[in-house]
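Chain order of the listed sequences is E and G. Each step along the first sequence adds one to the number in my numbering, with nothing skipped, and position 468 is 468. Each step along the second sequence adds one to the number in my numbering, with nothing skipped, and position 250 is 250.
Simulated from the structure, these hints should not be mistaken for lab results. Because the structure is a prediction, the values reported are computed rather than measured. Every residue, glycine too, gets a C-beta built ideally from N, C-alpha and C. Warning: the hint list may mix true and false statements.
To be verified - A few chain E residues that face chain G, going by a derived Cβ cut-off under 7 angstroms, partial list only:
| id | residue |
| --- | --- |
| 1 | 13 |
| 2 | 14 |
| 3 | 68 |
| 4 | 72 |
| 5 | 73 |
| 6 | 77 |
| 7 | 414 |
What the hints assert, rightly or not - Label-pair distances were calculated between CB atoms; the ranges are:
| id | chain 1 | residue 1 | chain 2 | residue 2 | range |
| --- | --- | --- | --- | --- | --- |
| 8 | G | 188 | E | 518 | 56 to 66 angstroms |
| 9 | E | 365 | G | 236 | 50 to 60 angstroms |
| 10 | G | 328 | E | 192 | 52 to 62 angstroms |
| 11 | G | 284 | E | 518 | 34 to 44 angstroms |
| 12 | E | 187 | G | 200 | 14 to 24 angstroms |
| 13 | E | 79 | G | 200 | 26 to 36 angstroms |
| 14 | G | 199 | E | 193 | 29 to 39 angstroms |
| 15 | E | 53 | G | 188 | 33 to 43 angstroms |
| 16 | G | 199 | E | 215 | 48 to 58 angstroms |
| 17 | G | 284 | E | 400 | 33 to 43 angstroms |
| 18 | E | 254 | G | 284 | 49 to 59 angstroms |
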Amino acid sequence: MQRFAELLDRLVLTASRNAKLKLMTDYFRSTPDPDRGYALAAITGDLSFTGVKPGVLRALGAERIDPVLFAYSYDYVGDLAETLSLIWPGGAARSSGGPRLAQVVNTLAAASRSDAAGILAGLLDELDIPARFAVIKLVTGGLRIGVSARLAKQALAALGDVDVSEIEEIWHGIEAPYEDLFAWLEGKDAKPEESAAALFRPVMLAHPLGEIDREKLDAADYAAEWKWDGIRVQVSEEAGIRRIYSRTGDDVSGAFPDLVEAVTFDGTIDGELLVGTPPDETGSFSDLQQRLNRKTVSAKMQARYPAFVRCYDLLRSGGEDLRALPFAQRRERLENFVARLDASRFDLSPLVKFETFEQLEVLRQAPPHPAIEGIMLKRWDSAYVAGRPKGPWFKWKRDPFLIDAVLMYAQRGHGKRSSFYSDYTFGVWTGTEEALELVPVGKAYFGFTDEELKQIDKYVRDNTVERFGPVRAVRAEPGHGLVLEVAFEGLNRSTRHKSGVAMRFPRISRLRWDKPAGEADRLEALFMLLD
Amino acid sequence: MARAGGLSRDCRELARVNPTTPEKAFPTAANRYLLPMRPEQLLHTRPEGLYCPAGDFFIDPVRPVERALITHGHSDHARTGHKSVLATRETLAIMKLRYDDGFAGSTQAIDYGRQITVGGARVSFHPAGHVLGSAQIAVEAGGIRIVASGDYKRQKDPTSAAFEVVPCDVFITEATFGLPVFKHPDAAGEIGRLLSSVAAFPERTHLVGAYALGKAQRVIRLLRDAGYDRPIFIHGALEKLCAYYQSEGIDLGRLEPATLEDAPRGDFAGEIVVGPPSAFSDRWARRFADPVSAFASGWMRIRQRARQRGVELPLIISDHGDWDELTRTITDTGAREVWVTHGREEALVRWCEINGIAAGPLNLVGYEDEGD
Chain E
1 MQRFAELLDR
11 LVLTASRNAK
21 LKLMTDYFRS
31 TPDPDRGYAL
41 AAITGDLSFT
51 GVKPGVLRAL
61 GAERIDPVLF
71 AYSYDYVGDL
81 AETLSLIWPG
91 GAARSSGGPR
101 LAQVVNTLAA
111 ASRSDAAGIL
121 AGLLDELDIP
131 ARFAVIKLVT
141 GGLRIGVSAR
151 LAKQALAALG
161 DVDVSEIEEI
171 WHGIEAPYED
181 LFAWLEGKDA
191 KPEESAAALF
201 RPVMLAHPLG
211 EIDREKLDAA
221 DYAAEWKWDG
231 IRVQVSEEAG
241 IRRIYSRTGD
251 DVSGAFPDLV
261 EAVTFDGTID
271 GELLVGTPPD
281 ETGSFSDLQQ
291 RLNRKTVSAK
301 MQARYPAFVR
311 CYDLLRSGGE
321 DLRALPFAQR
331 RERLENFVAR
341 LDASRFDLSP
351 LVKFETFEQL
361 EVLRQAPPHP
371 AIEGIMLKRW
381 DSAYVAGRPK
391 GPWFKWKRDP
401 FLIDAVLMYA
411 QRGHGKRSSF
421 YSDYTFGVWT
431 GTEEALELVP
441 VGKAYFGFTD
451 EELKQIDKYV
461 RDNTVERFGP
471 VRAVRAEPGH
481 GLVLEVAFEG
491 LNRSTRHKSG
501 VAMRFPRISR
511 LRWDKPAGEA
521 DRLEALFMLL
531 D
Chain G
1 MARAGGLSRD
11 CRELARVNPT
21 TPEKAFPTAA
31 NRYLLPMRPE
41 QLLHTRPEGL
51 YCPAGDFFID
61 PVRPVERALI
71 THGHSDHART
81 GHKSVLATRE
91 TLAIMKLRYD
101 DGFAGSTQAI
111 DYGRQITVGG
121 ARVSFHPAGH
131 VLGSAQIAVE
141 AGGIRIVASG
151 DYKRQKDPTS
161 AAFEVVPCDV
171 FITEATFGLP
181 VFKHPDAAGE
191 IGRLLSSVAA
201 FPERTHLVGA
211 YALGKAQRVI
221 RLLRDAGYDR
231 PIFIHGALEK
241 LCAYYQSEGI
251 DLGRLEPATL
261 EDAPRGDFAG
271 EIVVGPPSAF
281 SDRWARRFAD
291 PVSAFASGWM
301 RIRQRARQRG
311 VELPLIISDH
321 GDWDELTRTI
331 TDTGAREVWV
341 THGREEALVR
351 WCEINGIAAG
361 PLNLVGYEDE
371 GD
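Turn these sequences into a full structure, and let the hints guide you.
And the structure:
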């Protein structure tokens with residue numbers, strides 16, 4: 001249990017992706033079964049216990065310690081789980097004894113709503129401080145350690161020196177503590193069989209189309225279709241099992257009951273999840289966001305933003321795996337397949353007819369629908385392969401939006417950048433000419449060169465007006481400020497931001513040392529992009 | 001700290017005991033009039049610091065005074081400009097290193113355990129276990145003894161004489177970590193975590209933030225005790241103090257300046273570098289290979305503290321006692337009254353109340369909260 005607790009503590013404070021992978025791979029390599037398997041399940045969110053509510057934690061604390069001292073402590077620490085783990089009597093020394101993770105998981109799994117509090121108290125008595133914190137986080141749900149399920153799978157891939165798609169492919173057919181998976185990754189056993197139905201098939205991705213690529217390609221070899229601005233999904237039905245997977249293999253079926261209901265075919269479709277009523281009405285990404293990251297969806301929400309899939313490809317039809325067929329043949333099969341489905345839930349992604357890339361370029365710059373974010377090029381003869389092979393598929397995105405914004409705050413980075421102010425909050429002007437005011441509209445931490453980073457860092461240090469821990473407020477007035485040209489992919493309405501808008505994928509595209517701060521863009525210019 | 005809101009303030013009011021009017025606060029202490037002197041006649045606060053009228057001296061004054069008794073060399077306790085200073089030989093040497101020769105008009109060194117008379121009071125210095133030369137100061141007159149503990153810890157530390165319990169009537173305790181959430185683990189175990197990280201990330205530099213006096217030398221000595229025998233690279237701010245510790249017989253092994261010319265592989269990959277915490281957010285830190293930032297401090301017990309500072313590897317190693325050490329020490333001294341100062345006074349006062357010991361906050365200003 002102690003090693004797992006130490007892993008969580010390190011992961012939560014580590015910013016670098018590579019360092020996180022290293023920490024996880026080392027842990028999986030050096031921890032025996034079944035502990036490592038339960039740790040994996042905890043990280044990927046595949047463990048669930050009878051929940052323990054904050055009120056129960058407070059009550060446990062009150063039984064063990066003076067309520068005034070508890071109140072002082074909670075007031076200071078600010079996090080209930082952490083306060084309880086620290087204040088619980090005993091266990092100050094880091095110990096190597098105590099129950100193992102697997103024992104803890106089994107104990108918690110056997111708990112019911114009525115005895116969960118007592119069982120938790122019993123465990124806390126046996127554990128040291130970091131392990132107590134880990135257990136409380138497990139039972140209250142949500143480790144919040146900044147590690148996605150996909151990153152954990154990548155650590156597994158590194159452990160076994162296999163491609164992550166191989167793990168994604170079998171993931172939904174295996175269960176904690178994953179002893180068969182680890183045996184395979186360590187070369188002690190064969191790859192686990194694909195035993196379950198409607199498993200995830202790793203998706204095929206595209207490279208961005210560069211100038212040089214385009215000159216080398218023959219337009220006749222490629223089909224073109226619109227790149228829709230939704231979320232890429234895989235919809236599968238087999239032996240009565242229906243699944244909607246995200247492109248990284250997470251099962252997102254729960255959020256789209258309306259769509260699941262219409263999955264009445266035996267096959268696997270690759271497509272774009274959108275909201276609206278096809279083919280005529282396709283909602284924006286903002287509309288789609290109303291349906292994302294929700295555990296339950298109200299009937300009202302389903303009626304207002306009905307989900308549907310715009311189909312790109314057919315990977316399986318009945319018992320037949322189509323992935324090895326050329327795109328042209330799969331496309332034909334797809335057209336026939338989709339024709340039989342509920343038209344309000346599934347429609348076909350139309351092909352875009354073109355003869356030259358010059359024609360396509362015109363279409364790309366002026367797509368017929370706002371929910372289109374570019375063009376996909378697919379070789380007519382390409383098989384459907386996992387990952388991002390170079391050559392068969394390209395994405396040719398619409399040019400990003402650009403605005404000129406003013407640097408307002410800078411925050412120190414992590415790791416290699418820990419001595420640099422490298423994360424920038426920028427704003428645009430609002431208010432009247434006489435009383436201009438900056439309102440923050442986004443944050444970006446890449447897009448500049450190392451040399452530019454040094455220049456901005458110096459600017460920040462020389463123009464600091466206030467400090468808040470690792471953050472500095474930078475002088476930003478109409479007559480004095482640094483203008484950043486910011487590129488971004490799209491704009492959503494947001495009630496969480498003061499400006500009312502949230503940018504997608506913002507990055508610094510140019511430093512405008514030459515431009516007076518007062519001439520940066522106004523908020524109205526951003527609002528124009530919304531409509 | 002940011003969360004110290006209305007609740008704490010209200011509770012502090014409830015728990016407040018003003019040492020200058022003890023009769024009101026403790027009406028049950030009826031036998032107090034049998035004592036020839038009240039404790040607050042022996043020691044009380046003035047703007048300059050804690051004052052003893054009988055001996056006409058201050059303990060750790062924050063402003064220049066005629067006569068100062070100094071508990072230890074940290075700069076918030078040991079300031080310059082006093083006319084005469086009484087302290088341990090080590091504390092005087094540390095002040096001289098930090099402030100040059102003219103830091104005081106005159107100085108007098110005192111050994112641990114020896115009692116001397118200053119004016120109408122008898123004083124003695126006793127090991128506090130905080131840093132090299134640190135002392136608690138016992139003041140006696142009129143039949144009562146007050147111990148001003150300065151900063152102290154009970155955990156084992158090879159770079160400092162071990163804390164000694166001095167029985168007393170009134171114990172003045174610090175409260176830097178005066179909340180039950182502060183529980184310091186064994187420091188050797190924390191060093192073990194640092195060494196595991198060095199082994200796991202051999203291509204990165206481990207930057208260990210540690211305050212220049214006491215903490216840095218302790219961390220280095222603990223690394224040596226754990227068998228780490230590579231050179232340890234230090235920031236310039238640590239040089240004089242490390243050399244002084246070495247001259248006092250505390251073996252820190254091979255230390256090298258963390259300057260570029262001395263970089264073993266050009267960028268200190270795989271090495272341990274120790275420096276003051278402030279240096280790591282500075283441009284100075286740019287010379288190191290993909291650094292892992294570590295920080296040795298009792299504050300690292302709280303995750304949010306580590307996160308705010310961008311610390312990747314928090315090491316819970318402290319110069320100050322944790323909650324259990326503070327409360328155990330209060331019990332050990334047998335004091336019937338406790339004055340609590342710099343830190344989270346209210347929780348320790350509350351603990352005393354629960355345990356039937358008279359207690360109140362002693363409001364001294366000018367001591368840093370963060371110096372661990």
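Each hint, compared with the structure:
no.	hint	verdict
1	13	5 angstroms, holds
2	14	6 angstroms, holds
3	68	5 angstroms, holds
4	72	5 angstroms, holds
5	73	5 angstroms, holds
6	77	6 angstroms, holds
7	414	6 angstroms, holds
8	188/G / 518/E: 56 to 66 angstroms	60 angstroms, holds
9	365/E / 236/G: 50 to 60 angstroms	58 angstroms, holds
10	328/G / 192/E: 52 to 62 angstroms	55 angstroms, holds
11	284/G / 518/E: 34 to 44 angstroms	36 angstroms, holds
12	187/E / 200/G: 14 to 24 angstroms	23 angstroms, holds
13	79/E / 200/G: 26 to 36 angstroms	27 angstroms, holds
14	199/G / 193/E: 29 to 39 angstroms	38 angstroms, holds
15	53/E / 188/G: 33 to 43 angstroms	39 angstroms, holds
16	199/G / 215/E: 48 to 58 angstroms	50 angstroms, holds
17	284/G / 400/E: 33 to 43 angstroms	37 angstroms, holds
18	254/E / 284/G: 49 to 59 angstroms	51 angstroms, holds
Checked against the numbered hints listed earlier, the structure breaks none of them; every hint is satisfied.
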